[in-house]
Amino acid sequence: MAGKPKLYYFNGRGKMESIRWLLAAAGVEFEEEFLETREQYEKLLQDGYLLFQQVPLVEIDRMKMVQTRAILSYIAAKYNLYGKDLKERAMIDMYVEGTTDLMGLIIVCPFLSAENKEKQHAVIIQKATNRYFPVYEKILRDQGQSFLVGNQFSWADVHLLEAILMVEEKKSSVLSEFPLLQAFKARISDIPTVKKFLEPGSQRKPVPDDKYTETVKRVLQMNF
Amino acid sequence: MAGKPKLHYTKGRGKMESIRWLLAAAGVEFEEEFVEAKEDLEKLRKDGSLLFQQVPMVEIDGMKMVQTRAILNYIAGKHNLYGKDLRERALIDMYVEGTTDLMEMIMLLPLQPPEAKEKNFALIIERAKTRYFPVYEKVLKDHGQQFLVGNKFSWADVHLLEAILMTEECKPDILSPFPQLQAFKGRISNIPTIKKFLQPGSQRKPPADDKFIAQVKKIFNI
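Chains G and F supply the protein sequences, listed in that same order.
Residue numbers for the first sequence follow full-length UniProt numbering, beginning at 1 and rising by one.
Residue numbers for the second sequence follow full-length UniProt numbering, beginning at 1 and rising by one.
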């Protein structure tokens, strides 16, 4: 019988963080193996664990899953966080792709030069305020419901909360023009599984620091 | 009642091409409206047709869908090209993400600065030969079936064929170490809907030329 899912990644957010959020929101306990050395990574490669030689890797239900989106889609569907039909899934997919693009701007930050970091910071705030947050604010306003899709808690809600918190770390007042997102943030944060994940001591990872960046570059031999 | 899907994009491959492939493979007729100047994009934005101000946008089943993956997932799900259960979908998703990564490298190549082009071209060939094609070769070899997943034609097969042809345009003999993929290419190309899409006069778009790249840069301010 399958045990807990096991996550293989660096001891930091990166592309794995959305997976941690979703498992936590679904109330699924998971284990983690942190990549700290090049040798560990090479062993995973040699053992044939990494289909495309990349992490994230999640061992789940006897599969060695790679590719962040594939993993997230599987978890969402398995734990009924993917809507009730094809059209709801389409809405969830669209909304999640938006928050993925926004968070993608933030994920690259640790690997940019100091000069580019500053430029990127401005882009993040501009895009969040003009392109992304207005969309979700409008959805909530138009529907007047508690959740983004189908009046039911879904992956889209988890992903949006994650994105909001990440952008707030860059600019704490970023939600000032978005009252419905403020209410959404509080509401979703209060869901017991999410609340637990937001407490100290959970498997949620902190904002990337220099040690994280250095580890990733060393293990993946990134020549920047 | 919903009519044919309507695709809004520039008159070239880009991110819309995989959508054209999948609709064609599913035997779905579609219309296209081309963004040819910045004003066309601005109009779509002003009309509120683009959820995140971006194309691709596909009008389908009463929705104005954006985000390439969302659109592809919907079409695959609707036309039974997404496997029979969650596990098969997981495999299809994994495989498609791989071919997406490969095709994205090729798609972005014309937009790279001249100094980076040679290096990135070499990287594409290396990745195709050592990271991506060996995976699909092994999948086919291990299960000995006609299709990548569940012994049935799926989105993963369409996407892999598209990726193979795109890579061959970069290097015609790229499949020489991969006999399974060569056979796969022959087989999938012969499926009637695909065969039709591969014929001249179909809605398949040609590789980007300088004129198209200049137009794209102008429309999207890149």
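It should be emphasised that the hints constitute simulated quantities derived from the structure, not laboratory data.
Among these hints, one or two may not hold up.
[What the hints assert, rightly or not] Straight-line alpha carbon distances no greater than 27 Å define the calculated BS3-like cross-link-like pairs of lysine-lysine that follow:
1) F:K152 <-> G:K84
2) G:K119 <-> F:K141
3) F:K152 <-> F:K46
4) G:K64 <-> F:K84
5) F:K4 <-> G:K84
6) G:K127 <-> F:K218
7) G:K196 <-> G:K170
8) G:K87 <-> F:K78
9) F:K64 <-> G:K87
10) G:K87 <-> F:K46
11) F:K138 <-> G:K6
12) G:K15 <-> G:K64
13) F:K129 <-> G:K15
14) F:K84 <-> G:K78
15) F:K152 <-> G:K87
16) G:K117 <-> G:K4
17) G:K4 <-> G:K15
18) F:K38 <-> G:K138
19) G:K64 <-> F:K129
20) F:K141 <-> G:K64
21) G:K84 <-> G:K4
22) G:K43 <-> F:K138
23) G:K64 <-> F:K138
24) F:K6 <-> G:K84
25) G:K217 <-> F:K129
26) G:K127 <-> F:K43
27) G:K127 <-> F:K138
28) G:K138 <-> F:K218
Values in this document were obtained by computation on a predicted structure and should not be read as measured data.
Here is what the structure says about each hint:
1. F:K152 <-> G:K84: holds, 25 Å
2. G:K119 <-> F:K141: The given pair, whose Cα atoms are some 48 Å apart, is violated under the 27 Å limit.
3. F:K152 <-> F:K46: Answer violated: K152 (chain F) to K46 (chain F) is near 43 Å, above 27 Å.
4. G:K64 <-> F:K84: Given pair K64 (chain G), K84 (chain F) holds - Cα atoms ~20 Å apart, limit 27 Å.
5. F:K4 <-> G:K84: With a Cα-Cα distance of about 25 Å, the restraint between K4 (chain F) and K84 (chain G) holds, given a limit of 27 Å.
6. G:K127 <-> F:K218: holds, 20 Å
7. G:K196 <-> G:K170: holds, 23 Å
8. G:K87 <-> F:K78: holds, 10 Å
9. F:K64 <-> G:K87: Satisfied, since the Cα-Cα distance of roughly 12 Å is no more than 27 Å.
10. G:K87 <-> F:K46: holds, 25 Å
11. F:K138 <-> G:K6: holds, 25 Å
12. G:K15 <-> G:K64: Roughly 16 Å separates the two Cα atoms, so the pair holds.
13. F:K129 <-> G:K15: Since the Cα atoms of K129 (chain F) and K15 (chain G) sit roughly 25 Å apart, the hinted pair holds (cutoff 27 Å).
14. F:K84 <-> G:K78: holds, 14 Å
15. F:K152 <-> G:K87: Within the cut-off at roughly 24 Å; holds.
16. G:K117 <-> G:K4: Not satisfied, since the Cα-Cα distance of roughly 37 Å exceeds 27 Å.
17. G:K4 <-> G:K15: holds, 20 Å
18. F:K38 <-> G:K138: holds, 26 Å
19. G:K64 <-> F:K129: holds, 22 Å
20. F:K141 <-> G:K64: holds, 19 Å
21. G:K84 <-> G:K4: holds, 26 Å
22. G:K43 <-> F:K138: The given pair, whose Cα atoms are some 20 Å apart, holds under the 27 Å limit.
23. G:K64 <-> F:K138: holds, 16 Å
24. F:K6 <-> G:K84: Holds, because 25 Å separates the two Cα atoms, which is no more than 27 Å.
25. G:K217 <-> F:K129: Measuring from Cα to Cα gives roughly 24 Å; hence the hint holds.
26. G:K127 <-> F:K43: holds, 20 Å
27. G:K127 <-> F:K138: violated, 42 Å
28. G:K138 <-> F:K218: violated, 30 Å
Hint check: violations occur at hints 2, 3, 16, 27, 28; the rest are consistent with the structure.
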